[in-house]
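Line by line, the protein sequences give chains Y and G. Per the working numbering, residue 1 is the first one in the first sequence, and the count goes up by one each step. Per the working numbering, residue 1 is the first one in the second sequence, and the count goes up by one each step.
These are computed hints drawn from the structure, not numbers from a lab. Please note that the accuracy of each hint is not assured.
[Said to hold, decoys possible] Cross-link-like lysine to aspartate or glutamate pairs, in silico, DMTMM-like; alpha carbons within 25 Å at most:
1. Y:K914 / G:D501
2. Y:K606 / Y:E585
3. G:K477 / Y:D1004
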Amino acid sequence: MNKLILTLFLCFPFIGNSSEISLELVNPTLKEVISKIEDKSEFKFAYGDDIKTESKISGKFSFQNKNVISVLAEFSKRSPFTFSLFGNNIAIVADTLYDDRKIKQSIIQQIINGTVINENGIPLPSVTVQEKGTNNGTLTDFDGNFTLEVSSSESTLVFSYIGMLPVERTVGGSTTINVQLQEDAQSLDEVVITALGIAREKKALAYSVSEVKGNEFTKSRETNVANALTGKIAGVNATGLATGPGGSSRVIIRGNGSLSGNNQPLYVVNGMPIDNSIPGGGSSTGGQGINVDRGDGIAGINPDDIESISVLKGGAAAALYGSRAANGVILVTTKSGTAQKGIGVQISSNITFDTPSMFPDYQYEYGAGANGRKPLNAAEAIEWGRLSFGAPMDGTMVVQFDGIERPYSPVYVKDNIKNFYRTGTNLVNTVALTGGSEAINYRLSLSNLDSKSVVPNSSFNRKTANLSVNGNLGKKLSVEAVVQYNLEDANNRPGTGYADYNAAWGTHLVSNTVDVRNMAPGYYEDGRELLWNPVNIANNPYWVVNKYQNSDTKNRFIGQMNIQYDILENFNIRGSVSRDFYNFEYEGIVPSYTAFRPEGSYESLKADVSETNLMLTANYNTKFFEDFSLSVLVGGNQQKNENNSTAINGAQFTIPEFYSYTNLATLTTSPRNLTTGINSLFGSADFGYKGLAYLTVTGRQDWFSTLSPESNSIFYPSIGGSFLLSQAVQLPTTINYVKFRGSWAQVGGGAPDPYLINQTYSIVQGGHNGRPVQELSSNLVTNPNLRPLTSTTYEVGVDVQLLDNRLGMDLTFYDRTTTDDIVQTDISTASGYNSALLNVGELTNKGVELLLKGSPIRTTDFSWNSSYNVAYNKSEIIALAGDLNTIQVGSGIGGGSIQNVVGRPYGTIWGYKKATNNNGETIFDPNSGYELRSEVMELGEGVAPLIMGFTNEFIYKNLSLNILLDGKFGNDIYSNLHQYSHRFGLTKETLLGRENGLPLSGVDLQGNPYERVVPVEELDTYYDNEKRYTDLFVTDGSFIKLRQVVLSYNLPVNDFNFVKLQSASISLVGRNLAILLKHTDLFDPESSYTSGNAQGLEAFGVPRTRSYGIDISVNF
Amino acid sequence: MIKNIFKMMYLVAGVFAAITVSSCDDGLEELNRDPDAYSEVIPEYLFTKAQLSAVDISYFGTAALTIGGSMQQLATYKEVPAAGDKYFNDAYSKGYFTGGYSAINEIEEVIRAVSEDPEDVNKLSAARIWRAYIFHHLTDLYGDVPYTEAGRGGSDGIYTPKYDEQSFIYNDMLNELEEAINAFDPTKGTFGTADLLYDGNVDQWKKFAYSLMLRLGMRLTEIDEGSAQEWVEKAIAGGVIVEDEANAYIEYVDGSQVTSRNPIARGLMNGDYIDPQSVENVEGGKLAKTFIDHLKETGDPRLNVISVVWVETGTGVFVADTTTAIQKGMPNAEFNNRPADFPTYSEPNPETILAYDSPLFVMTNAEVNLLLAEADIRGWYGGDAQVHYEEAVRAGMKLWSLYGSAGNISDQRIQTYLAENPFNTGGSFEEKMDQIQTQKWVSLFIVDQYEIFANWRRTGYPDLVPVNYPGNLTGGKIPTRFVLPDSEGTINAANFQEAVDRQGEGNTFLSRVWWDRD
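In isolation and in its complexed conformation, chain Y is listed as follows (with noise of 0.2 Å):
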């Protein structure tokens, strides 16, 4: 601290506070300093007792239209005073060390001059420049610029910044030094965006926030940005699904919240919430035909223009978003421009390159066919193409599918992956320019994504134009506004789930002596599907990636426009008006000659969504009894979500390949018109004492259009307190902070669709010959009685900073209890109905967070930066309604389902066993010879319950290397993939009785011994029977991956004059690059094909990806 001249305290956002003032003063007091910058600028100071205003501060002074801070450093130097700015408050601090720095350096031997900028090539004003060991130094300009007489070239500058880390340089034999500071992540004074895009500092938050820069999802990228936030914070477990880019993601912040209703959490794009959906709803575990997805809302999001994302996990974090911010809330906050001379330009392009990077390990000991034989004529290698049950692999000549000999010797299904996937490719380009006065300053981004997808034929484009434009109009009014027009476009998005639309199905599936690539171009002469095995619905893959069309686009536009008017100083009020817009077209054909489909079929879905916001707040923030200081927001906000949608669907193409819904044989037209509202009344009030002890209370009342009116709105408060242990008591040196926090706080919410509350009844399109029809809008028992749901959230936590900051921890404690949950859950079909919607039941999530950041070396060339987080959460199931144990979230294709049961975690799967008695022999049924089927049974879970990731950094000098593993444990999976290729003798397991017969032995219905074999040319009919057995294919789901690693290299802009560069890096970098640990022999255990509630299933996802590439970004 000693070699502080001056230091300045950050607060967001910085541009508003930084006014110009013109002073003439001779040898002032520091009484007189203060109340002429008082007098002369929005600026209030603070001090203790032990500042004596009464000292006079030698010299004559004169500024004109100088910044505040430029005017305060002047101060500084003559007097035994530091200056520290905090908003719009300015604390006078004691130096202690003023003596010291009066010793004036007697030789000036060279003039330094140069530019400090940030991460993102921001310049920073009000950097602390200092020579080191002495007390010569000054700050930055408003342009970052600074320029100082050193001593020698011996000399070693430091450079100093609040919330950066300080970097030093020698001076050696440069006039210029040029510096990009990075950001300190320990910084205690860390001010986060919080709850209405509310910016506080962390000490004074009751609950756990974690905050996430842009600049860490632009170099290594994901698509979907939301799937970049996997192992980066603590108690958030984010997945991105087996489904290409362009597809979704799925977020759970501590745990699943509800039964069976929505469980991600809120996104809010600079404190106004936009739409998460996914046109025409997402891929579904059990889905046929055109079963795509089609990508969320988050997915819509540029990361180049991401300034941070704040993670709010906890009830009282959300408690001011209301209903939908029971399950967490994500905050984006996008880049707005900086005052600054000219334009600043930043360009940067990243290209990554994407390759699948997992193979099923299969059997390549007996090959193609069925009993024991090889294929004797093509139709017989037709009819066996999925069998690998054949005779020991020889290398003789065997026939195929395509009537041709090849030998009988492995292809392995690693290089029939390889040989149809092709090398998947992501481009992104983005060009931002930013610039502006400090009345008004704008950020305008434009950004394409080209993404070619590992599947042949399948691609994705986003374009997105991003205008931000900030002004302060006048002395009282200020607005801001963010427009963002997105353009997207897929084409023959992959295929999920079951066989016929699922390239994935044949390339994995095709028996082990066979080169998939035989079956291209996926046709005959004549045009029809060319067939490899009898079941038409297992699809060719050529066919699919080659005739298959879906094509759509999504229109976006985001607006948001806030202005605020200040009556007083302390005193505003502020309008919001959000509108997230988006209208999607989509067409998907199964064409003409399919061998499943020969006439083909049709979809297309045309939809309008939109969602908005009307949001007012007043704002009012006091101080009181010298020590208290107060703040109160009181609003009201009034959202709709309006969801209009027209569905295409038909069948037989009447003129064989031309393919518009004009040439259908049936044709159905589904509209969908679907509205939801909430009103909101909110308030909050916060109060802190001395700066060591925080209290907030909140208070949210929601009325829901979902609900009946008697019980259609809900109350929920909460309230939250920190204190910080280091302010209040000595506490030995090693300790720098201390900070204790505790939370209580519940969210109400409504039923998340319309028209649930009564049934109605729909018009069957066309009638009967004539007459009209009428059937049940639903089979979902509607409920008039629902009520809102409650979630309860109690937090505990204790942040600790150690060892001159370089090690911190911070821990939390929580418990989040759901209550009244609206819940579809499946019921009894001889109910009349498959579904009923309900308030059940009670759901609790209890877990803990812990995180450990820690800088083990620090020195000037090298920094080792690390931190490591882990979250373990126990879910528990505790009630359901009345008769009800369970409720079924989802099943998985050819069996395993995902239920909620009561007394058991979230989402365990559940299945078939083969059936044992007492003494744990198998029970064979005589009359099949096959083992007897246990009753349903809980077989695994499908949620994995403790989850962590560990980064480190190394910095040395311009290089800087970044490598991030995460992983999960404790979770199972039920897989598709396992069970089909286990029927078809594919895996290792089905190597059993090949020579002669699978003996097997157990007992009969009666408890008798049984025994038989099962004859060589019944195997694949065994190994057939054995999909009933659910539980031969739940594995252990936990992995660790490598899953990031950044090497970057900022280049020495300052050699390169001829261009007037601000800074310029470049980096190599690499996603999912290994799996450290896995238990899968067959799939990546990250194979989810939903964003739904039912996880824990697998079933032939397009191949996970390892992916690699550069990313060059430079700024001007």
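Starting from the known structure of chain Y, arrange chain G on it as the hints suggest.
Using the frame of chain Y, we list chain G on its own:
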């Protein structure tokens, strides 16, 4: 300072006022009205739907693959669709359950809507009869099923209905039929043209109901002969369908709406026969050897109406040929590969069975006359078994003319058939039973597969030789009960388990329903 605080409070109040006036719950209820739907039932329109739903329940998996295969009328070379062909896959038999109760739910809604006003009594009776019709399929296929508590998820919040014993269900269905028939009042209104069977004709509804009573009563011959006789006599006395004009059937069109197309044709076409080239049926299905051989052996003229072989008359040009000599059925459970001669096996006729605009029969003169013939040989009815048998044959052949001209069978061919296959008046009871029930097996092919399956289980005719495919689920026995869906075992576990335990053999193909004795 004080002034400022007042100012602030004033403004805050203003903000609140502004929001409160325009929000809270004003207008929210309006948002929650679906602009594309009615908020109440129109019983006529929903009754039409209930009629359509009841006959459109996973036809391909249940009626075709499971029953058609095990009754040896259809065959497939593949394993997965070999539910009935090889007793190999019980999954297809699970599908009827959910669809059946969806139809129950609709008819329950109709019944609730027409129960209030005595003027609606004829609608109520028709709906009650239709409910019995839907339920009898469910219980015949699955045995003990939810009955008293079924279809009450919406009205009474019963989400896990209990399973009633089939004996109770049968008794109640028969009583329901009787009560509904007796409640008809010709002076009151009807469903009119919303009724797809009879346009609201009360007399015809009575005949239909008595015919259903006859069918259900006769079902009890093995388990409770006394009751069987009582109900059969009651039904015959009431007046059953004995003329073609009283046939209960629904008409369909080959329109652009899927739901207006015949669900049987739809199921068979989509499931197997959509590509009219016979080289690669989707599920490898053909007509079965047992069935085709029987038709050929008896010189049944229905062979040429039902069955075709696709003959290639030029490269890629196939013509459906109905010539008797080339008709050939595929043996059940014979293959697990596509046989080389696959194209030469017979398939359903695209002009009749596979035509989207073909009629769908609910109850026919042919079946009722066969029931009368059986009643007669049992001595429960003073008619003439031979007359009824011959009338059944004639009606069974004539009904195909409703499929269009390709279904026309001349009177002369009918006479020839009867001459070659006369009623065995001198035969034993079992021989007569064999002839009557085998005739039902032929007469109801496609027309009513569910009744064929129930009738075979009750009478054992036709005398089918089971197959024994390696790895089949039954040890070479023809399935005797459909398998309840797995979801019942998880969601409605206690009630499900009780019913399964009561019926024995677990939830398998080998379990038997109450009225089916060895």
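Outcome of the hint check:
1. Y:K914 / G:D501: 19 Å, holds
2. Y:K606 / Y:E585: Holds, because 5 Å separates the two Cα atoms, which is no more than 25 Å.
3. G:K477 / Y:D1004: 18 Å, holds
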